[in-house]
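**Q** This is what each chain is made of:
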Amino acid sequence: MPGMRMTAATLLLLVCCGAAAAAGLSARHAWIRLLPGDLPAAGYLELVNTGADSVRLTGAQSPGFGTIELHESSEQSGVARMRRVERLAIPAGGTLVLEPRGYHLMLSGPSGDLQPGERVPVTLEFSDGTRLPVSFLLRDASGR
Amino acid sequence: MTRPRHNLWAVAVLLMLAAGCARSPSPWGLHDISGLMPPLVFTLHDGSGHIRHAYDFRGEVVLLYFGYTHCPDICPTTLASLVSATRRLGAAADRTRILFVSVDPARDSPAVLQRYQQAFGPRVTALSGTPAQLRELTRRYRVSYGLGKPDADGRYEVSHSSAVFIFDRDGAARLLATGTDGAGKIATDLKRLLDG
Chain A
1 MPGMRMTAAT LLLLVCCGAA AAAGLSARHA WIRLLPGDLP AAGYLELVNT GADSVRLTGA
61 QSPGFGTIEL HESSEQSGVA RMRRVERLAI PAGGTLVLEP RGYHLMLSGP SGDLQPGERV
121 PVTLEFSDGT RLPVSFLLRD ASGR
Chain B
1 MTRPRHNLWA VAVLLMLAAG CARSPSPWGL HDISGLMPPL VFTLHDGSGH IRHAYDFRGE
61 VVLLYFGYTH CPDICPTTLA SLVSATRRLG AAADRTRILF VSVDPARDSP AVLQRYQQAF
121 GPRVTALSGT PAQLRELTRR YRVSYGLGKP DADGRYEVSH SSAVFIFDRD GAARLLATGT
181 DGAGKIATDL KRLLDG
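Chains as they are written, first to last, in my numbering: chain A, 1 to 144; chain B, 1 to 196.
Next comes chain B alone, as it looks inside the complex (with noise of 0.2 angstroms):
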């Protein structure tokens, strides 16, 4: 008689274990990457010209982004949902920094990275290095670009990562947003890293 008693609780210990699972208790909008990336290390340069590092942006909220400045849509579009994003927060907006950082040195000059960075307003730093660096940077988070083959005007487009990795105020690797995850959704996950 005790058997199908034990059968019972092992089944009801099975299902509050499971209903936990369905209802797990990320509290993250966007995809939790905590402890499967490394965290943010780089050396590549600014709009000026000057080398900056990784560290030089601790204490901010990182977006990182890849991208090249003669992406009319895609690269553009996917700023300014972060620079909306940014901007719900408030005073604290202050306390994010997004990197674009072009894969596209050749054509992504200091001087037009800063012009570009502007057109964007005060949040954002891009950033470029030469192609070692680039290649370490993207295999550090596991992502791919690739330069097309110019055509007749010397014009050639670029593929790159829709990822936009996201890190927390020491550096770690927290978020993964990619470009369709909307500015609310990931005000709301920046507001909660801040936070926290």
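So that you can see chain A by itself, here it is in the shape it has in the complex (with noise of 0.2 angstroms):
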């Protein structure tokens, strides 16, 4: 069967290599904020890189969301907007802080089965080609 084969070879592909974490690289504080229906989230997380090198945040994936992009919100001579942004810097011994007002994810098409107080799996991607599984913290409209 070497279909079989294949598929074992490349699920022991996936796992030892396509998803190990980036080196250095660690989540904190990552949650996501759901708005009622099939209106978009928003996610908010600090990535710490202790790594040598800078990595560049350039997408991420989750089963609870049909898509997942980088955006900035930012608030101009009193106006307000936000745009999509192709990737974020980490820089080396740095800290990427996605918050409120600032750079976040923007998560649409959520599944109609997310509830705040659950947690929902997302994987981040790198441009170094690896992958940073994180487990978000759903919150409510009003991010309790």
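Read the hints as simulated data drawn from the structure, not as lab findings.
One or more of the hints may lead you astray.
In silico contact screen, one side only, chain B against chain A (beta carbon under 10 angstroms); selected entries [as the list claims (entries may be wrong)]: (1) Pro72; (2) Ile74; (3) Leu89; (4) Ala93; (5) Ala111; (6) Gln118; (7) Phe120; (8) Gly146; (9) Leu147; (10) Glu157; (11) Val158; (12) Ser162; (13) Thr180.
The calculated label-pair distances, taken between Cβ atoms and stated as ranges, are [claimed, not checked]: (14) Leu147(B) with Arg144(A): 27 to 33 angstroms; (15) Ser74(A) with Gly184(B): 22 to 28 angstroms; (16) Val41(B) with Asp38(A): 32 to 38 angstroms; (17) Leu194(B) with Asp128(A): 53 to 59 angstroms.
Just a sample of chain A residues kept apart from chain B, beta carbon distances all over 12 angstroms, derived [as the list claims (entries may be wrong)]: (18) Ala23; (19) Ser54; (20) Glu118; (21) Asp128.
Each residue gets a CB set at the ideal place from its N, CA and C atoms; glycine is no exception.
Each chain sits in its own coordinate frame; assemble them with the hints.
**A** So this is what it looks like as structure tokens:
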């Protein structure tokens, strides 16, 4: 069964290499603000890079949401805006902060069964091909 | 000999005036816009599809904020902060009203508005209107909004004012808060407005 062997080999590859956490990267304070219905949510966290190299966050995926994009909010001259960004750098020895009114994940197409108080897995993707699985706490619209 | 004395008096008076100006007696932590903006007037619809007028909210201190529901970050963050500010007032919170005016009526149907306001609790009323009604209201308070170009999936961003206009119980414009004013600072001024 070469097909089976292939699947097993692929799995092994995913487990041992593809899913290997980016060296020196860790996440903390990860949470998502859920809005009602199918409205897009916002995700926040801090990414700490204790590695020797700068790494760039390039995307994210989650079984709880259709698509996830990196966004930046800004408020200038009394006007609030949001724009998509392609990547966010985490310098060696530095921290990238995604927080309300700043950088955030925009998570569109929430699956219908997400509830505040529960957790949802999100896999962060980096420019060097590594991934970091992070468990996000779901909060309600008011962030509680 | 009297001339220098006069000059001294003039300097002393000027110094006293300057000191008075520097120690501005404004009791407000937020920006005072009394007399600078017109009273609250609008015709919009609510989450039940009913027409609502500004005078429906007379008797309540009104916090007016413009946004859109597909805004995952700044709008809910601001609304949560305003709700938190009203909660700090205790029972007096019942005399406040947070009006969230969606400038994106194409996506924000009454049903969407209804679900959205429920997510923020009883102090929030979500409203929207026709483009003409929204233009009239935003022009009245000299704020702008814009709908971005839709992407391949038809999604688009909306730019909107980050200001929160606060009106007293008679509908007179009194204070201006920005998104970054903390809930505590806003609560202090709301309390003063309710007491006044």
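**Q** All hints are to be evaluated individually against the structure, with a verdict given for each.
**A** Consistency of the hints with the structure:
1. Pro72: holds, 4 angstroms
2. Ile74: holds, 5 angstroms
3. Leu89: Since chain A brings no Cβ nearer than about 16 angstroms to Leu89(B), farther than 10 angstroms, the hint is violated.
4. Ala93: violated, 14 angstroms
5. Ala111: OK, holds: Ala111(B) within 10 angstroms of chain A, min 9 angstroms.
6. Gln118: holds, 7 angstroms
7. Phe120: Because about 6 angstroms separates Phe120(B) from the closest Cβ in chain A, which is inside the 10 angstroms limit, the hint holds.
8. Gly146: Holds, about 9 angstroms.
9. Leu147: violated, 12 angstroms
10. Glu157: holds, 5 angstroms
11. Val158: This interface hint holds because 8 angstroms falls under the 10 angstroms limit.
12. Ser162: holds, 4 angstroms
13. Thr180: holds, 7 angstroms
14. Leu147(B) with Arg144(A): 27 to 33 angstroms: Given range 27 to 33 angstroms: holds, Cβ gap about 31 angstroms.
15. Ser74(A) with Gly184(B): 22 to 28 angstroms: holds, 24 angstroms
16. Val41(B) with Asp38(A): 32 to 38 angstroms: holds, 34 angstroms
17. Leu194(B) with Asp128(A): 53 to 59 angstroms: holds, 56 angstroms
18. Ala23: holds, 30 angstroms
19. Ser54: holds, 25 angstroms
20. Glu118: holds, 16 angstroms
21. Asp128: Answer for Asp128(A): holds, closest chain B Cβ roughly 27 angstroms.
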